[in-house]
Every structure is written in C-alpha cells, then in structure tokens.
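Just so you know, the sequences run in chain order A and B. In case it helps, this note's numbering puts the first sequence at residues 757 to 1079. In case it helps, this note's numbering puts the second sequence at residues 753 to 1014.
By construction, these hints were calculated from the structure, which means they are not laboratory data. Note that the Cβ used here is the ideal one computed from N, Cα and C, for glycine as well. Mixed in with the good hints there might be a few duds.
Derived DSSO-like pairs: lysine-lysine, alpha-carbon spacing no greater than 27 Å straight-line [to be verified]:
1) A:763 <-> B:1014
2) A:790 <-> A:828
3) A:763 <-> B:936
4) A:832 <-> A:809
5) B:866 <-> A:763
6) B:856 <-> B:933
7) B:1009 <-> A:999
8) B:1014 <-> A:926
9) A:999 <-> B:1014
10) A:1078 <-> A:763
11) A:763 <-> B:1012
12) B:843 <-> A:999
13) A:843 <-> A:832
14) B:1014 <-> A:936
15) A:999 <-> B:866
16) A:1078 <-> A:828
17) B:856 <-> A:999
18) B:1012 <-> A:926
19) B:842 <-> B:1012
20) B:1014 <-> A:769
21) B:883 <-> A:999
22) A:936 <-> A:926
23) B:843 <-> A:769
24) B:1012 <-> A:769
25) A:926 <-> B:1009
26) A:769 <-> B:842
27) B:843 <-> B:883
28) A:1068 <-> A:769
29) B:1014 <-> A:790
Simulated DEER-style distance windows between Cβ atoms [unchecked claim]:
30) A:822 <-> B:1003: 33 to 39 Å
31) B:937 <-> A:1069: 38 to 44 Å
32) A:946 <-> B:969: 29 to 35 Å
33) B:993 <-> A:896: 49 to 55 Å
34) A:820 <-> B:999: 43 to 49 Å
35) A:963 <-> B:993: 25 to 31 Å
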Amino acid sequence: MAFEVVKERYMSKVNEVVLGGTAETGGTRGHALKVGGQTTLPYLHFEGEVPNKPIIAMEVTDVEPNWPTPLKEMFKDVYNDPVAWAKKCVDEYKADVIYVVLNGADPDGANKTPEECTATVKSILEAVAVPLIIKGCGDGEKDNEVLGKVAEECAGENLMIGNAEQENYKSIAAACMVHKHTLIALSPLDINICKQLNILVNEMGLPLDRIIIDPMIGGLGYGIEYAYSIMERIRMGALQGDKILSMPMVCTVGYEAWRAKEAYSDGEEFQSWGEQSFRGPLWEAMTAGTLIQAGADILLMRHPQAVKLVQKNISDLMESNKY
Amino acid sequence: MIIIGERINGMFKDIGQAVREMDPKPLQEWAIKQQEAGANYLDINTGPNAEDQVVALKWMVQVVQEVSDLPLCLDCTNFDAIEAGLEICKKPALINSCPADRPKIERVFPMAVKHNAKIIGLTMDAKGIPKNAENRIALAMELVAAADEFGLPMEDLFIDPLILPVNVAQEHAPEVLEAIKQTKLLANPAPKTVLGLSNVSQKAPDRPLINRTFLAMAMACGLDAVIADANDDPLMATAATAEILLNQSVYCDSYVKVFKSK
Chain A
757 MAFEVVKERY MSKVNEVVLG GTAETGGTRG HALKVGGQTT LPYLHFEGEV PNKPIIAMEV
817 TDVEPNWPTP LKEMFKDVYN DPVAWAKKCV DEYKADVIYV VLNGADPDGA NKTPEECTAT
877 VKSILEAVAV PLIIKGCGDG EKDNEVLGKV AEECAGENLM IGNAEQENYK SIAAACMVHK
937 HTLIALSPLD INICKQLNIL VNEMGLPLDR IIIDPMIGGL GYGIEYAYSI MERIRMGALQ
997 GDKILSMPMV CTVGYEAWRA KEAYSDGEEF QSWGEQSFRG PLWEAMTAGT LIQAGADILL
1057 MRHPQAVKLV QKNISDLMES NKY
Chain B
753 MIIIGERING MFKDIGQAVR EMDPKPLQEW AIKQQEAGAN YLDINTGPNA EDQVVALKWM
813 VQVVQEVSDL PLCLDCTNFD AIEAGLEICK KPALINSCPA DRPKIERVFP MAVKHNAKII
873 GLTMDAKGIP KNAENRIALA MELVAAADEF GLPMEDLFID PLILPVNVAQ EHAPEVLEAI
933 KQTKLLANPA PKTVLGLSNV SQKAPDRPLI NRTFLAMAMA CGLDAVIADA NDDPLMATAA
993 TAEILLNQSV YCDSYVKVFK SK
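Construct the entire structure; sequences and hints are all you get.
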C-alpha cells in the first residue's frame, strides 16, 4: 500500500495581471508587478503553479486620515504629507505598492478639485518607484471626474483604479480602457453581481486581464466568512474554466479590520481582550492571513506591524511544498 | 455542458453533396456557424454515400480544421476512417462511437489511447439496443471495464445510453434517463454521459420543443454532453439555464451569453 499524492488537475487558471508602467511601456515605475497566474488553489504548489506572490499595498490618504487614534499614531510624523508617508511605507516597511485613497475629493469634506487630486498622485509617483493603486472618495459623481482626470494625466503608469460598481462603472471603465490602466470591479459580497459586472466592463472593451475583483470583504469577526466562501467560489470558478471569474482578487483588509472595536479599543472595560498594541495589528494580520487562504492576491493594509507579519506569512507560504 | 455540433453530417443534403464534390465551402461555413453559436466539438460524419470513407473523413477533418480550432468528434462506423482522421486531428478528438462488442472494443480502445482520443461508448451490442435501463447499464459497465483494461482515463469515456424516437419508442425515454443516473455511479471518477439528442424527436412534430425538454430532463440526471443542433438558440438557452439550475456554472444575468461564449 504505497502512499499516492492526490493531485487535482484544473483546466484553467487565474489571469495574470500586470501592475505599474515602466519606461518600456510609457511609465515611470521602477518595476512592474504581476499578480495572479495560479493554476491551483492557494499555495498547493504540489499540484499546480503559484507564479506570483500576493502583494501588500499600504494605504496613504491625501488628507489627514480619520483612522482610530492608535493606528494613526503609527504615522504621526507623516500623515499630513502623503509624499513622505508613501516614501516611509516603501523605504521603511517594504510595501510592494502604495494605495492612495483620495478622501480629500469628498464634496462634504475638503472637496479638492480633480486637478489637486491629480497633483497629489503625481507627486507620489515622483517620490516612489513602486506601482500605485488609486481609489476615490466614494462619491460616485465626484470620483468619475477625479479618477477620469488622474487616469488621463497618468497615462502609461498602468495604475490600478477603483472602484467600478454595478450602478457606476462606465466612466471609470472607459478611462481605464483609453488610458491603459487596470480596473477594480467592486461587488457587494455577491458573486452573481461580481460576474455580471465583469461582463459589463468587458463588453465596453476592457480586456479581462485588466480587471481585478474586489469582493468587498468583511473583517475578522464581522462577516469575514461570507467573503471567504465567495472568494473560494470565485477561485474554483477560475480554475474550472469560468473566464468571467478568472480575475485576481483585492481585499480592503486595513479598512475592514480597523473598523472593529476589537482592533482599536483600549482601557479598563476591554482588559479581558489584552493589550491593544498587540491585539490591533493582529486583528488586521489575521484578517489578511485568512483571506490569503481564500485566494487574495492584493492586500490593502495599514499597520506596519500587521504588514510585517503578513509579509512573513506570505514568504512561508510561497515556499514550495512539492512532493 | 459539452455541446457537440451535429451539422457537418453527410446525411444533410448540403453536406452530402459537398462531400461528393469535395467542395469545402459548406463544411467550413457550418464549422464557423456552429462555433459561433457555442459548440464545443464539431461532429464530422461523411454520410452513407461517400465513396471511400477513409478518404472522405480525412478530407473533412482537413478542411474543417482550416477554419476552426474546435476539437472534432469523428462519427463513423468505419474504424480505418476514424484512425486516418485521428492521425491528422490537431486537438484530442472524440471517437463516435464504439458499441459494447468485444472485437470492436479491442479495435477502438487501444486506438483511442494511442492518439490521446476520447470515446463515445454505446450501450448496445450485436443483439441491438436494450429495452430497459438495467441492460443498458450492464453494457455500460463493460465499457467502463474496457477503459480500465486499456488505460483510457475514465473522464475520456462518454457513455451514450441511446435515446430512440419518442413517437415510436416512447417507453425508452424514462429508461434512458435512469441509465444516465446509474452510469454516473459506475466508477470514481465517473464516466461522462452523452446523447444523440435529435433522435428523440425523429419524425415528430415540433422537434425543437421535444429536444430541449428532454435535454433539460437528461441534464438533471447527470448528462455531460450532447450531440445536437448548436444553432437552435432555444436549445442552447435551455442548456445554459439547466447548467445554472444545477449550480454547475455561477449565475449572472447574462448567463445565456456566457454559456455560448465559453
């Protein structure tokens, strides 16, 4: 009775998506990054290829972040200067990508103009050599203006731009298509809408390998299991030949994890939870580590210690377990 | 659901004539038309009137492959013709077909393994088509055993339980459905199942209605593939819908379109 390793052979694979434009492609990034390309379930190196590791993008906002105090404290010397902040994330914390959230565009907030927002993105592009992910403030109409302008002015940089949603995708998808950027397609924890949105975006002419799925995760303790199972289903679909679900996946880990009071609360009444300084970063790291097992390709994160833990986790997982 | 486009068959007048005159145009037009409609395989049948089956089938494979990269389903009772076709097929082909007769099994299974081809195995032997599901399954089991014996991967064996026209052989339809269900239990991994769907409605009125209704019923029993009219839009929509209702494909509003472009 010899032991035989059971190996699944999948008929298809996850799309390989390139992020960042270098001099060769008309951009200024020091290097491009690839995500996706897997021919197997997460880190089952023994039955397929995992050609690219998941990447970590650290979040930078163009205005002072409305983050919980203990998290904000981690960046107290730079959070009023997105350029210095981005540099710190790359130089000190080894972020693969910078995730720029243009909260300053919010009409109910700083209400910055598309030109001002674009200037911020450009100054970050000059300061760091890594690829960028750009997200708007969440106001559909304003984001269309802002992201359209950013896409146009930064043509060649192959930014990842989000979010396209079912009720608002045309303008941003068109901008990505014309100016050759990659699009994040966001669906509200719904694989059917996820698939339909990818079809709609693709029908506008954006190639399937320039789309990234954002399944809209829940953080640890707050619905992460729904996202987990949807992500597993998306990945199985990709491996079984569903081209419309073959995109790499991005997860807003930092945002969701740091909304949880378990991450940021401190003081008397939370003593039974242990130290916040330990618990908070772990809350984010566990959220990321869990979703990596469901197939996450791009992790949008915040806390340097959480990033460090997940970097270690990723490098362990990328070690071959071939038989 | 694997759709095997049935149209390039010498039994159809235009194809029969094209094969006689060695005119590639009708074959190539149907190849493209079926591919665009969502066919996954193209059935290739010379028809009964071809002078030399070997020459005719080989020529058909050649001209169809000039315009389509779909894998082919070589539909012929002359195994020399099939072998000649297999030798020039660019993609692993499907042999249509081999009954559960020992001499034919011994001819077809090694040939399939040699050419990396798949086989449609018919649940019939020299005695003809069985009346009930039990006897169909007994023959299916012989084909499953043959796959093991000759080293054909089980997923490359397509059992066809042989549907007959509902107007003259009505009692066969439920037996075929039962046979499909039981075929899926014969091995692990299970062999695949296939039907020559259009047979169910031979010489009956409103054939498309009968065809697509039976298709949905058969898919519920575990049907994996069908030789059918890929250009029958309601039929293709039925296949797409049944796939969704069986949770074989993730739902989205454009599911029919997705099915056809797969």
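Against the structure, the hints:
1. A:763 <-> B:1014: holds, 25 Å
2. A:790 <-> A:828: Status violated; Cα separation ~30 Å.
3. A:763 <-> B:936: holds, 22 Å
4. A:832 <-> A:809: violated, 30 Å
5. B:866 <-> A:763: Status holds; Cα separation ~24 Å.
6. B:856 <-> B:933: holds, 25 Å
7. B:1009 <-> A:999: holds, 13 Å
8. B:1014 <-> A:926: Given that 27 Å is the threshold and the Cα spacing comes to 24 Å, the pair holds.
9. A:999 <-> B:1014: With a Cα-Cα distance of about 8 Å, the restraint between residue 999 (chain A) and residue 1014 (chain B) holds, given a limit of 27 Å.
10. A:1078 <-> A:763: holds, 11 Å
11. A:763 <-> B:1012: violated, 30 Å
12. B:843 <-> A:999: holds, 21 Å
13. A:843 <-> A:832: Satisfied, since the Cα-Cα distance of roughly 14 Å is no more than 27 Å.
14. B:1014 <-> A:936: Given pair residue 1014 (chain B), residue 936 (chain A) holds - Cα atoms ~26 Å apart, limit 27 Å.
15. A:999 <-> B:866: Distance of about 31 Å is beyond 27 Å: violated.
16. A:1078 <-> A:828: violated, 42 Å
17. B:856 <-> A:999: violated, 39 Å
18. B:1012 <-> A:926: Distance of about 24 Å is within 27 Å: holds.
19. B:842 <-> B:1012: Holds. Residue 842 (chain B) to residue 1012 (chain B) sits at ~23 Å (cutoff 27 Å).
20. B:1014 <-> A:769: Cα-Cα ~14 Å, so holds.
21. B:883 <-> A:999: Violated - the C-alpha atoms of residue 999 (chain A) and residue 883 (chain B) are around 42 Å apart, more than 27 Å.
22. A:936 <-> A:926: holds, 15 Å
23. B:843 <-> A:769: This hinted pair holds, its Cα atoms lying about 20 Å apart.
24. B:1012 <-> A:769: holds, 20 Å
25. A:926 <-> B:1009: Holds, at roughly 20 Å.
26. A:769 <-> B:842: holds, 22 Å
27. B:843 <-> B:883: Violated, because 36 Å separates the two Cα atoms, which is more than 27 Å.
28. A:1068 <-> A:769: At roughly 26 Å apart (the allowed maximum being 27 Å), residue 769 (chain A) and residue 1068 (chain A) satisfy the hint.
29. B:1014 <-> A:790: holds, 26 Å
30. A:822 <-> B:1003: 33 to 39 Å: holds, 37 Å
31. B:937 <-> A:1069: 38 to 44 Å: Given range 38 to 44 Å: holds, Cβ gap about 43 Å.
32. A:946 <-> B:969: 29 to 35 Å: Given about 31 Å between the Cβ atoms, the range holds.
33. B:993 <-> A:896: 49 to 55 Å: Roughly 34 Å apart at Cβ, these two residues miss the hinted range, so it is violated.
34. A:820 <-> B:999: 43 to 49 Å: Roughly 48 Å apart at Cβ, these two residues keep to the hinted range, so it holds.
35. A:963 <-> B:993: 25 to 31 Å: holds, 28 Å
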